[in-house]
Amino acid sequence: MPAYTITIDDTGESYRCVDYRSVLEGMEALGKKGIPVGCRNGGCGVCKVQVTAGSYSRRVMSREHVSEADEAAGCVLSCRIKPTSDLHLSVLGAMKKNVCRPLPEAAAVSAV
Amino acid sequence: MALTGVLRPGHAQIRVLDIEESAKWYENVLGLVPMGKDASGRVYFKTRAERDHNSVILRQADRAGMDFFGYKVLDKTTLDDLDKKLQAHGVKTERIPAGELLETGERVRFKIPTGHTIELYAEKKDVGNATGYTNPEMDVIDGPGITPIRLDHCLIYGGDIDGAREVFTKVLGFTLVERVKLEDGTTDLATWLTCSAKAHDIALVRHGEDDKLHHVSFQLGSWEQVLRAADIMSKNRVSIDVGPTRHGITNGTTIYFFDPSGNRLETFCGGYDHYPDMNPITWTWDEVGAGIFYHNRKLNDAFLSVVT
Chain Y
1 MPAYTITIDD TGESYRCVDY RSVLEGMEAL GKKGIPVGCR NGGCGVCKVQ
51 VTAGSYSRRV MSREHVSEAD EAAGCVLSCR IKPTSDLHLS VLGAMKKNVC
101 RPLPEAAAVS AV
Chain X
1 MALTGVLRPG HAQIRVLDIE ESAKWYENVL GLVPMGKDAS GRVYFKTRAE
51 RDHNSVILRQ ADRAGMDFFG YKVLDKTTLD DLDKKLQAHG VKTERIPAGE
101 LLETGERVRF KIPTGHTIEL YAEKKDVGNA TGYTNPEMDV IDGPGITPIR
151 LDHCLIYGGD IDGAREVFTK VLGFTLVERV KLEDGTTDLA TWLTCSAKAH
201 DIALVRHGED DKLHHVSFQL GSWEQVLRAA DIMSKNRVSI DVGPTRHGIT
251 NGTTIYFFDP SGNRLETFCG GYDHYPDMNP ITWTWDEVGA GIFYHNRKLN
301 DAFLSVVT
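Top to bottom, those sequences are chains Y and X. So that you can map any letter, position 9 of the first sequence is 9 in the working numbering, and since no number is skipped, the others follow by simple counting. So that you can map any letter, position 110 of the second sequence is 110 in the working numbering, and since no number is skipped, the others follow by simple counting.
Excised from the complex, chain X in its bound form (with noise of 0.2 angstroms):
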């Protein structure tokens, strides 16, 4: 398909409780590209694939948590245009002036029916990634960390999962790629969305608090790189909470591990490409175990429960 609208997840800011703890293990132990400090603190980084300026942005805060996940979206107009559209399906939008963000342009920012904060933006600085845009050669994994591909997708938990979904499939042109259906089979406990031919851009649970994160991703090549990065962890110290194993949801194989301020990423690999053509697929209640953790087929009680 050709990509038009939202493209991709550009950026999460991540909420820290020691910044400078919290910059030192992004950099050294996820393998993130430092890009700068702002005015008021926060911290970014960019991946060594990527290449516009920044994709993480840390915020020192009392608390853990996201305060926002933001998608590219294709130029200007489409972001005019998509503001107007979530304005007509009725929700409020803001703008957020060109350079708040380091090297980010005007973003329209606003809240789904979870309480999360979303934003959209057309412009980040091209930076290039790590070599560059003539005669690049292969890129050569030899610094320190884990060194993932992209920030690929979150995860978030809220109660009105159904609202948010529309907003994406209504008004952003996602897709939905599967589904876990809670005991009555009727009810969502969970939709994994789509805005581009990934299994997932971000996927939604059911919750009794809004507003709440489950993890944000990182793409990585292969099932090695993702047991290079088990090994990282462990040498490191990382808190892992799942992995590494396989999704039956995705396909993707995966690590979820938290960072210092206990906020959970996952370094994920793999998942089908998904075109909207496709029908969704559906887990029943009785399956979800295997659809989370295809190798065990059970959930365990951290993974459920533990958000911030």
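Here chain Y stands alone, though its shape is the one from the complex (with noise of 0.2 angstroms):
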């Protein structure tokens, strides 16, 4: 089973994801965090995520929260897509202030 590597930009944090999970629930079975959880589902766009690099697999997702612009942009919720590539994103949902601290490494290279 493929399984590719997932970097959050915001936080520096990254974990690999195989290519059967969505890209939110990759993160949450390794016990990693960074982008925020609701429904899982494509629903309540709390997960929503721009990515910056990288290939995926999408499905439907609610139109309140990811407009057609925002989908051709690269702007999804990560519960919806599935990674066919090393993926880059930001984090752009609803609860990013609650979760998208960097971490002390992340910090220390970004002030070098």
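Worth flagging that the hints you see were computed from the coordinates, not collected in a lab. Some hints here could point you the wrong way.
25 angstroms max Cα-Cα, derived DSS-like pairs, lysine-lysine [said to hold, decoys possible]:
| hint | chain 1 | residue 1 | chain 2 | residue 2 |
| --- | --- | --- | --- | --- |
| 1 | Y | Lys33 | X | Lys235 |
| 2 | Y | Lys32 | X | Lys298 |
| 3 | X | Lys235 | Y | Lys32 |
| 4 | X | Lys235 | Y | Lys82 |
| 5 | Y | Lys82 | X | Lys24 |
| 6 | Y | Lys33 | X | Lys298 |
Treat the numbers as computed from the prediction; the structure is a model and nothing was measured.
Two chains, two frames, some hints: make the complex.
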């Protein structure tokens, strides 16, 4: 089963996600943090991210939270995308302020 | 109490992102009985134990959430009477003709001050439950899925929960069972209301945005059935929000989980009986964690802020 590296640029956190899991589910299954977790099924918009590099497959998600323009710009719900390559993303979701604290390592790197 | 007026929660129309996937899930994982499809593509379900034709209606849409929640009333005279009382209270009502929902009579539809659409109706075809009306056996649950007993209640989020409470209590005859106060000790953060002897038939939470769904709840018969539901959920990779655990409020046991479109549902069991002579119970802000989740006594971010 192929697995890809997902990097959350806001926190510097990265994890390996198998190709049959959503990017959000892959993060949760390993006890990782960084993307806020909501309904996990494309309805609530909490786990919205912008994919800045890499490719993925996607399933239907609520238009209340992801417009067609959003989707074209790579702004998607992380519970509805599965990686088909390594991914880089930044968090856009409603609870960003609660979870996007830089890790000490990442903060140190960015300070250099 | 002899039940008159509004009898019970009757139906919920839920928006789903993929109707085929959702219909399979509501049948095989939640364990509801499929009851047909209408000309507009809506899919109907009931529980095994419910006797009326339908209680859950799924509609394909591009966003999740709930279109409306309906209550069954005693009879046609009651329906007409409540319609007049709603109008006298300043609530604009609309008559939806019989048959617009499958096997369902005329409905009185209106918006409450939180922006949610509520309906009343008196007639829905009695199709009987899984065991029938003559010499029934016990209903041994041998089918797939969680198999709840009935549609139990909903919890909705919106701004003017005081105005909404007035419609339910002053016009529709509901009783206030429990409430949670905000930090100021005066303002209600949330209220639980009943039209029956159940602990609640609807609950309201104050929220910045109107017309939001927090959850639709289904009744289970025992704590063991709640644990069985949790096993079925994990086996089927259902997204669980919280639980299994117990509420301080209502004393019910519970699991919160999400349907395939992210609508939160609940399997709820227990809850004490409430009668209209009982004083409401109040929870203060500092103990709200225990009110909602009695065992770990704290709230979680997703429970508070995830709505559809």
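For each hint, the structure was consulted:
no.: 1; hint: Y:Lys33 x X:Lys235; result: holds, 24 angstroms
no.: 2; hint: Y:Lys32 x X:Lys298; result: holds, 22 angstroms
no.: 3; hint: X:Lys235 x Y:Lys32; result: holds, 22 angstroms
no.: 4; hint: X:Lys235 x Y:Lys82; result: holds, 21 angstroms
no.: 5; hint: Y:Lys82 x X:Lys24; result: holds, 22 angstroms
no.: 6; hint: Y:Lys33 x X:Lys298; result: holds, 20 angstroms
The structure fails none of the hints (numbered hints given earlier).
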